[in-house]
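Trainee: Under this note's numbering, the first residue of the sequence shown is numbered 1040, with each subsequent residue one higher.
Just so you know, the hints here were simulated from the structure itself, not pulled from any lab data.
Beta carbons: idealized from backbone N, C-alpha and C, even for Gly.
Everything hinted at is true.
Just the calculated beta-carbon pair ranges, DEER-fashion:
1. 1372 / 1224: 22 to 32 Å
2. 1085 / 1047: 48 to 58 Å
3. 1253 / 1139: 42 to 52 Å
4. 1330 / 1283: 19 to 29 Å
5. 1190 / 1371: 32 to 42 Å
6. 1050 / 1373: 19 to 29 Å
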Amino acid sequence: MDDKRITRGAVTYIGLMVANTILSSAMPMLIILGGLAGLMLSPSPALATFPASVQVFAGLLAAGPFSIFMGRFGRRAGFCAGGLLAASGGLACAWALVEGNFFMLCAGHAALGAALACYQYFRFAAAEVVPSAWSPVAISLMLTSGLVAAFLGPQLFIWTKDALAPIPLAGAYLAISVISLAGLGPLVFVRMSPPISTGRQRTGFPALVPLLQPGIAIAIAMGAVSQGVMVFMMAPTPLAMIGCGFSEAMAGDVIRWHVVAMFAPSFLTGFVIKRIGAKAVVATGLLLLTVAALVAAAGLSGAHFYVSLIVLGIGWNFGFIGATAMLAERVAPADRALVQGANDTIIALAATISTLAAGAIVTGPGWTFLAAASLPVVAAAALALLFVQSPARAAR
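Let's have the full structure, built from the sequences with the hints guiding it.
Mentor: The structure is reproduced here in structure tokens:
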């Protein structure tokens, strides 16, 4: 019986990994597409990143409902719904470019943003199919799927962006629809335990009690800062580089290596967490985010963009995975749906604000000011991290 359970868990984990790899390939494509398509159709250059902002805001609105949906109907049903949303969003964006309709482009990005919010739960699903002691490793290795996406996504963009010529970029959106449908196939092999409880059916203030625990609250804050700062610098990078005279291809290559840096460390991050603890890994991530901002503010050469975005990706990896592990080790199983939904909603809120602010800043005060503006936020997060206790110590 134990052998069957282990085999089922392994098959399920592989199914989750493959599905996440395929579905997440849309993410680096959208990093490039959001600003460029927005610039093509927006009534003002200041609104170039508005579709990307709508995308992230939709993720904010969808994160909580997706968690509750999975708590009731299971992870597989939720991931299937996310894939179908992404397919419809890609079609809507392609049609928006054909028609020159900025509103439809924003609507398509809204569907894509909701889908990306759904995909964030792959990391929690990974932790649920392994023994608790191995949760950090399972979370970390699940995110290595993004490494394949980092190479596949930008390459798909290059191959397909002119597929519907003379309409630029529409082919890339259509490719997102195709890979989203393809990503549903591996979910056939996913067999997980019955849906988790949604917070012991508590309502009102009692349902929020787990979120008020200092360890949980700070873990959520660390994830929000890591995601927010990363998006704040990443989202306007293509616009900043093109504004400095670099080509779309070079901007895409910088994003490619940024996404590689986001996910390549995941082969080791979980093992590092097991050895030195999640708090130390988060602190390292915050330090790297600081270095990335300083390098970005130091110059506008190609080397500055490459180095800052690569360091930014590594910093996000340590900060985000470390924060996820901090949260996972502090949340009771019965509270998972509530706390995970709140966590990803707050992270999406930070990303939404960061994306919208980044567009206004990069087209106004400029890239250097944007990079420097990240530093106070990271410093505040580092100060809050000092007050985190280990779960064992907090329980005493």
